[in-house]
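J.: Residue-level listing of the chains:
There are 2 protein chains.
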Amino acid sequence: MTRILGIDPGFERLGIAILEKNKSDKKETVLFSECFKTSAKLEFNERLVLIGDEVKKIIKKYKPEILSIETLFLNTNQKTVMHVAEARGVVIYESACSGLKIFEASPPQIKIATTGYGKASKEQVMKMVKILVDLDKNKTSDDELDAIAIALTAFACMRG
Amino acid sequence: MTRILGIDPGFERLGIAILEKNKSDKKETVLFSECFKTSAKLEFNERLVLIGDEVKKIIKKYKPEILSIETLFLNTNQKTVMHVAEARGVVIYESACSGLKIFEASPPQIKIATTGYGKASKEQVMKMVKILVDLDKNKTSDDELDAIAIALTAFACMRG
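Quick note, the sequences are listed as chains S and G, same order. With our numbering, letter number 6 in the first sequence gets 6, and the count goes up by one each step, no holes. With our numbering, letter number 62 in the second sequence gets 62, and the count goes up by one each step, no holes.
The set of hints was computed from the structure by calculation and includes no laboratory data.
Quick list of in silico lysine-lysine cross-link-like pairs, BS3-like style, CA-CA up to 30 Å:
(1) K56(S) with K79(S)
(2) K79(G) with K122(S)
(3) K56(G) with K101(S)
(4) K119(S) with K130(S)
(5) K56(S) with K101(G)
(6) K139(S) with K119(S)
Stretch by stretch, here's where chain G covers chain S in the computed footprint (C-beta under 8 Å, at least three residues):
(7) 46-56
(8) 96-109
Beta carbons: idealized from backbone N, C-alpha and C, even for Gly.
Looking at chain S on its own, in the form it has when it is part of the complex (with noise of 0.2 Å):
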């Protein structure tokens, strides 16, 4: 049995899911997943504490062994970006204090482990992965969809 936690890095929306894999089993289960939100009336530094705590907090409940979060590239936003990677240093550094292997799942890994194919468009990995895995929630958003993809990659990459 293998669980790892998926997260899509960001400050204002963070990604969050669990998802299992036994070996017997075909496919793999969504314990949890959520878009964990932050308010921008927040100062930057608490919103990363809220961000440390609720990594934690679900690294405690759910017990997995692997981190895999997406790789990070600049974009044109240069202030969103370097805050998006100081909120993704505090879950690597947090997920590395729980004693979790960290995995870096780059876009296109993350493209074919779900859909085969390296350039395929963000419409064509959402909708794959809600063909791979169960989904029980009436509306999971983009966000947890794209932290499931993203754990998706590192099973995918573990059985290669």
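Dock chain G against chain S, hints included.
T.: Positioned in the frame of chain S, the structure of chain G alone reads:
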């Protein structure tokens, strides 16, 4: 009495300083400074854990009320700056978790606070730091001098 933790963020080398000032003091006193290094042989997440542990240890020992940390701008080395941002996130996170207030010092603020001139060179800042505070060490590294300058900036901005 105010005690400030100054941090020059980095993951290979982290400049750390603790400065104190009483109302009756003319000068700030450097209680502690170091250049904390992490080995490139370690995985990045292990280095983040060491950085967080060191910051926690120093906060516990010296009990500063404020973290003063340099703001970060993009430079040519995208990969390095992302890792510095991740380490910076961990420093802010651990400081906020310990109840410190966070002060972010921009390069022009640091230059004005130490030299009175917003376009001063790095060498001019280093030179002025050595005049502004008494350093009992024979050799204080540039990273430590930076951390001291960053702490001095928070003191200067609090006066204003």
